[in-house]
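Enquirer: If you want the building blocks of each chain, they are given just below.
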Amino acid sequence: MSERTEASAGLTQYSPEGMMPFGPVHPSLKEPEYFKLILEGEKIVQVIPRIGYVHRGIERAAQDRTWVKDIYLFERICGICSFAHSLSFTQGVEALTKFEVPKRAKYIRVLVAELERIHSHLLWLGLVGHWAGFDTLFMWVWKDREHILDLSEAITGNRVHKSYSTFGGVRKDLPDGIADKIRPELKYIEKRATYYAELVRSEETMSVRTKGVGRVTQEKARELCPVGPLLRCTGISRDVRAEDPYAAYDDIVPDVQTRVEGDIASLLDLRIAEVIDSARMASEALDKLPGGAFKAPVTRTIPAGESDFHVEAPRGELFYFVKSSGRSVPDRVKIRTPTMANILTATEMLKGHTLADVPVVLTGMDPCFGCMDRVAVLDTNRSKEYSISGEDLRQLGIDYYRRGNR
Amino acid sequence: MQSDALRDVAARFGGALTETSKVSTISVPPEKVVDACVAVSKLPGLYHLSTITGLDEGEKIVLHYQFWEGVRFVDVKTEVGKSSPKLGSLCAVLPSATLYEAEIQDILGVDFEGNPYRGKKLLLSDDYPAEAPPPLRKEADPAEIRRLMKLE
Chain A
21 MSERTEASAG LTQYSPEGMM PFGPVHPSLK EPEYFKLILE GEKIVQVIPR IGYVHRGIER
81 AAQDRTWVKD IYLFERICGI CSFAHSLSFT QGVEALTKFE VPKRAKYIRV LVAELERIHS
141 HLLWLGLVGH WAGFDTLFMW VWKDREHILD LSEAITGNRV HKSYSTFGGV RKDLPDGIAD
201 KIRPELKYIE KRATYYAELV RSEETMSVRT KGVGRVTQEK ARELCPVGPL LRCTGISRDV
261 RAEDPYAAYD DIVPDVQTRV EGDIASLLDL RIAEVIDSAR MASEALDKLP GGAFKAPVTR
321 TIPAGESDFH VEAPRGELFY FVKSSGRSVP DRVKIRTPTM ANILTATEML KGHTLADVPV
381 VLTGMDPCFG CMDRVAVLDT NRSKEYSISG EDLRQLGIDY YRRGNR
Chain B
231 MQSDALRDVA ARFGGALTET SKVSTISVPP EKVVDACVAV SKLPGLYHLS TITGLDEGEK
291 IVLHYQFWEG VRFVDVKTEV GKSSPKLGSL CAVLPSATLY EAEIQDILGV DFEGNPYRGK
351 KLLLSDDYPA EAPPPLRKEA DPAEIRRLMK LE
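First to last, the protein sequences are chains A and B.
Take 21 as the starting number for the first sequence in my numbering and just add one per residue.
Take 231 as the starting number for the second sequence in my numbering and just add one per residue.
Same shape as in the complex, but just chain A (with noise of 0.2 Å):
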């Protein structure tokens, strides 16, 4: 084994006898991580992921229920972005049938999907402001939120599960006069991510705490292969929504955004940007939308074939592996979320760093997790180990840079 390998998997310098599992760490999501850190002093010199504290062997599950029952099963995999999963899971599907799906369905699928990225996206940049000190624009930010719960409300009937896409369309119609509540909403929250934009870059307590940490370089991304912001923060161009359009993403285009610099400041300017994208790309959606059905007639079997789709979350790439037999139930579904995807690049992000960036870097890579809480520190110069709390690292992080270290 090279020692490439193993620095990647950040496996070497420590035997794994002093591995200590804890967690579970969050009960909505399939992979909380757990990050062992190795310091020298206060630099974090080897990180060791360890996840599945909480798999809840949902691949497992969705063999035992109908296709109709696996749509809410994986939708619970994700409590942010569960539209993602239900789409990634309906449209893979669908590429094994021959449903039609209307066009009208799939124009309604970029309107949830967008408010969805926007959802998710602003719960990212309130939990960044937290944990960089800044608790203004996390309640700025969580407020300005609810509206696009409210929104996801009033079309789907529900704020986060939304059990909207279905096997040949999606579950209801839009409510009538809907499009006019929509878009004063859309519009609102352009003006005020374009606010945010111009504050995270001015503010100090922002730019002090996220340019150049976490920095992670375009090499090392071709190699490590991470989806969604965190790739493009390295300058690379790689979009599902652009490179491979499902739904109506061939006529309604996103705008990917890049950033050369890879580190947190670039990950907030590119997030920020693409809820400008979303909300442009939501009213679009809203413009274009044509009459018609909103689903298809489907069949309860679904004919047998393999299937490999993938969406674009809004962490990136989630892929979904479906095979079929022509049973009423899948006989393989399997699925990578983008957090598994990006781990590997997380760990790097963080070496070199003091343990005072450990919270901003690792919820720069948006993980979608709870485990902040329970961070377990090696220090190699004092050979032992003790752990601190979620709300001790944030205030070691916001007391070390107010000492003026910077």
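Treat each hint with caution, since some may be false.
Stated by the list, open to error - In silico DSS-like cross-links for lysine-lysine, where the CA-CA straight-line distance does not exceed 30 Å: (1) B:K350 x A:K56; (2) A:K315 x B:K252; (3) A:K207 x A:K163; (4) A:K63 x B:K252.
Calculated from the structure, these hints are not laboratory results.
Using the hints provided, position chain B relative to the given structure of chain A.
Expert: Below, chain B without anything else, positioned relative to chain A:
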């Protein structure tokens, strides 16, 4: 456009190429899978390994190495016997495969020689019983696993 290059790769590693509208599949023998994946990843635009999928198909375990480029996927497919499934690891050349291989090792019991997680757990709990089959295998019985783990 890439078809010829893929056919070349398939021929070079004793495999066959089949194509659908979305996926080009190269089936290769297990001892050639690492070389075939490396050759595919070197083709223009195909550096992105989306994931590795493992399937239990009765007597054998089938693996798909899924690469993405543009509107198509390239699947490098291989199969290994279920009794002692063993494969080379891609990690030394494609580090992005590290966690995907470790996941398959956990849930289907495939041994990837050279993976840093070899013999360690990534997804399963540390006290997952050694005598129980890996949980995604067809013969794995959830009730039996719960009994072995003393959960009931």
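Enquirer: If a hint holds in the structure, say so; if it does not, say that too.
Expert: Checked hints:
Of the pairs offered as hints, the one joining B:K350 and A:K56 holds, with about 15 Å between alpha carbons and a cut-off of 30 Å not exceeded. Distance restraint check for A:K315 and B:K252: the Cα-Cα separation of roughly 24 Å lies within the 30 Å cut-off, and the hinted pair is therefore satisfied. Between A:K207 and A:K163 the alpha-carbon distance is near 16 Å, which keeps this suggested pair within the 30 Å criterion. The straight-line distance between the Cα atoms of A:K63 and B:K252 is roughly 46 Å, outside the 30 Å bound, and the hint therefore fails.
Comparing the model with each earlier hint shows a violation of hint 4 alone; every other hint is respected.
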